[in-house]
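Q: Letter by letter, the chains look like this.
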Amino acid sequence: MTRVASENEIVDYVRAARESRTPFEIVAAGTRRGAGRPMGKLPVLDVAGVSGIVEYQPEELIVTARPGTGLAELKAVLAQKNQCLGFDPVDWTLFGGAPDFSKNGTLGGAVSADASGSGRLRHGPPRDSLLGFRAVNGFGEAFRGGAKVVKNVTGFDLPKLMCGAFGTLAVMSELTFRVYPRPSARTTLILRGQAPEAGFAALRAIWKSALEPSGLAYIPGAADFPGLGDVGEGAALIRLEAAARPLQEKIAAARLLVGPAEELEAGETVFARVGEGSLFRDNDLDVWRVTVPPTQAARVAKAINAALWWGDWAGGLLWIGAREEDAPRIRALAAQAGGHAMLLRAPAARRAALGLYAPQPPALAAVTASVRAAFDPLGLFNPGRF
Amino acid sequence: MLLAPSDPKILARRDSIVAALKKIVPDGVVEASSDLAAYESDALPSYRQKPLAAVLPRDADQVARIIRFANEAGVPIVPRGAGTSLSGGALPRGDGILMGFGRMSRILEIDYENRCVTLQPGVTNAAITRAVEGEGFYYAPDPSSQIACTIGGNIAENSGGLHCLKYGLTTNNLLGVKFVLPDGQMITLGGKAPGAGGLDLLGLITGSEGLLGVVVEATVRILRKAPVTRTMLASFDSVPDAGACVAAIIGDGIVPAAMEFMDRATIGAVESFNAPGYPDAEAILIIDADGVEADVADAMARIAIHVKACRGELREATETLARAKMWAGRKAAFAAMGKLAPDMICMDGTIPRHALPRVLEGIADLSKKHGLGCCNVFHAGDGNLHPLINFDAMKDGELAVAEEFGADILRLCVAVGGVLTGEHGVGIEKRDLMTEMFSTADLDQQHRVKCAFDSGGLFNPGKVFPTLSACIESGHMHVHGAKLPHPDLPRF
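Each protein sequence line maps, in turn, to chains A and B.
Going letter by letter, the first sequence gives residues 1 to 386 in this note's numbering.
Going letter by letter, the second sequence gives residues 1001 to 1492 in this note's numbering.
Calculated from the structure, these hints are not laboratory results.
Simulated restraints on C-beta separations:
hint	chain 1	residue 1	chain 2	residue 2	range
1	A	Leu42	B	Lys1022	54 to 64 Å
2	A	Arg245	B	Thr1440	47 to 57 Å
3	B	Ala1322	A	Asp224	48 to 58 Å
Sample of chain A residues lacking proximity to chain B, with all beta carbon distances greater than 12 Å (derived):
hint	residue
4	Phe24
5	Gly40
6	Val77
7	Thr187
8	Gly221
9	Glu262
10	Leu285
11	Ala348
All values reported here derive from a predicted model rather than from experimental measurement.
Cβ atoms here follow ideal geometry from the backbone N, Cα and C, with glycine treated the same way.
This is chain A alone, in the form it adopts within the complex:
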């Protein structure tokens, strides 16, 4: 394992790897290492030391930090100025068994894995917040993409590509985000006794309103989700945020739309568990994140008929815990619905066989490969992972 602490050191490492044609794995805290195709035994580049907040200008709504910066650390610094990251980065605690789990996940890891929680609903995934970055490409060159202002269309929007690339394009060295005000008040409403169709319909009623919800999740009763009490067939969870007085108005408006929903004390904890997938921590199910058009959520969930599942993002995301034999059905149902089935956790052999996502149609696969080669022609970075 080689530890680096600066962009220059990354450049040196990549140039040497290029010289010797030696692919390597990029790791920071390692909390998401279990996702994606296994890459076999490779040298490890530990980038956790490329960390720290470079620049934070609250009035400009901008923060620049190095990718090894801990999520918890950055969140705390932003909170001091009543701000937050828009994409609600989460640690996937379902990888509870991983040796490095005691470590706190990093900013770079969350961006690379496109890991956003329930709050994605309001301000979008990482790609909607990442304004600029610096990185080292497979030519061993340090370069930048985007900029440090909130509105910019100069040149190609390379920051978008960094999000969800699982480290296959470049080794990042600096990230600039647009940040958002942290609402002074937040609450979760729960609507109990909802079958999936009715529950997701209630979520969509809020989603289509002007209430700007920051979380819309559906939990089936069979999930036995902690913190909810008896939910009967299932529960629709609605998280609203605003300044204190406006929040009361939003709660009243939400009840007009969906009926008598109660406020839920444990709302924050429940939404954290929803986003982290923590209910999968103590079982050995394969874990899928299936995205579908929100109107398809109830139908697809029923057709998959999983042992343990719940929905987030107003139905746009289904967390599915499944058995080995369910895999082809899950992929087929997701594709039919116009969505994607990401295999987040499974034994190595299955991840090797199934990949993170289903294979792409030939033309898309070809252009994707060309784009990869434009950054990393020798395939040095996390080869084959995604």
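Add chain B to chain A, keeping to what the hints say.
A: What follows is chain B alone, placed relative to chain A:
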């Protein structure tokens, strides 16, 4: 800026190229020189050039066939929506095919339950909102050309508008596209389900200025209209006070739906144009707050405190008519420039907001240096500055002076940590300034991405990138037809 000379070998094949296009779109090829005049420029009229021919496909299949033909024949393609680009993005090539999307203008599906609309690229921006406003929805990005500009052009340019800070640019409101690659193959990116399921190529092609392929279908997000919108106008006796007020509002956690800054010169120009009744001031801010009633009331109360603390005067408007009047001056700002001079160039840099006083002083100095007037409007919330340079193109050399003035302004924007363009695109206008903002390594990386899509360099050549070298991959050059692509283009 020099336009690329046309390749005589392509010009010599004009008749066969037109014949081939007519085989694909029998009723949609424009070839007469007088008819081609309609396409010779976009909204950057200083540059004009008639295309070799224009073709107006009716569907995605025709688009793909045209592109396959152009690819085989080695003829450049310039896509065009409504031709409202302010950066010359749709400026034709004399030896190229102009592909117009005016006939692909149908809305294909409105899906309120999934909050999206699927449409052809030639639908205008404003038509999306018109189609869904009956149900209380709208499409958020609102470039000032929205009654004319098309969604295909919006995607190519990643268009913004007045409400970007709160609601994002095109890229943040686009869910999916069908996209024809430079080799004529069609791919689907994104859709009604969240997430890319692979590399975020949708994000990459948005704002790629027609260099990577063309959109033949798009799915966009629609939003529920906020129940309450209020407008306030704050006037200040100094620019730094106005700038401090903007910083205070944002720093307090308020994200206004819109926040527009106008300087004294602009206020004067619009007062003599459509008399919106603005106060006599060094700077004014027009601010929209929207949301549920209590949210708006809360924001307005806090904004009022900041305005007062920054020694500003405040007016409020709640009625639709009064709001419209407050906005009338700002919306007429570009047109009002006609009162000051026959011609105008609109620049588009973004700066960190704190640099506003320094940049405005710098622009005033440059105005003296170049001997041309300049008015400033500014999307204050997101730091996007629109200096409007006044000049007279009929006067010898004045266009060149105006362009140099504009380039100096953009250099200044970059020097304070900003960018060349916040929403208008690089196009041909700012192409040669890219090296001010990006290093060779930065530009090489972007160029390689271009080559990953378009190794022949046929899509909108001459735009965005200052140098055009051949596509290189792993030490090998992509050589087409035993010659480098576009040997005619000057290489710097």
